[in-house]
Amino acid sequence: MATTPPSGSGAWPVDEPPPDRQPPTAARIVEVVVAGVLWVGLALGSLLVGALAPLTAMASDGCGGSSDGGALICRPEGSLLFFGGLGLLWVLLLVAVLLSAFRIVRAATSGRPVWPWPFVGLGIALLGVVLMVLDLAVITR
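Anchor point for the sequence shown: position 76 equals 75 in numbering that gives the first Met the number 0, and the numbering is continuous, going up by one each time.
Calculated from the structure, these hints are not laboratory results.
If you anchor each label on the Cβ, the simulated ranges turn out as follows:
(1) PHE101 / ARG140: 33 to 41 angstroms
(2) PRO22 / PRO53: 41 to 49 angstroms
(3) LEU93 / ASP60: 26 to 34 angstroms
(4) PRO112 / ASP60: 45 to 53 angstroms
Cβ coordinates follow ideal geometry from the N, Cα and C atoms, glycine included.
The whole structure should be built from the sequences, with the hints applied where relevant.
Written out as structure tokens, the structure reads:
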């Protein structure tokens with residue numbers, strides 16, 4: 000529903016916002032700030048997990064000099080599975096951080112709820128961690 004500016008001047012007075020664009024309420028400001036803080040936590044946690052994930056390669060320390068048996072990680076295909084799982088984790092962490100940041104900004108500028116998007120990012124990041132743990136469980140058997 001479009002309304003015309005008062006007095007037919009073609010512009011709204013500076014001190015009065017148009018009716019469809021009211022200033023944000025205090026609750027809205029708090030929601031956006033809390034979502035931003037949660038996103039920073041998601042970004043820092045993803046950075047930490049992504050940086051420490053390569054250390055899980057130490058699961059192959061028990062292989063010794065033999066590559067003929069034992070755990071799958073002691074064979075070349077196990078290494079490929081390990082690095083594939085590590086790459087998948089990094090991609091999912093990156094998608095979680097970037098997607099949630101993009102959606103937070105979009106929701107904040109369009110007036111939609113902002114709070115779900117850090118949790119969506121957290122869900123994607125946790126999916127990556129679970130898949131990496133399952134990958135390690137398979138290749139270290």
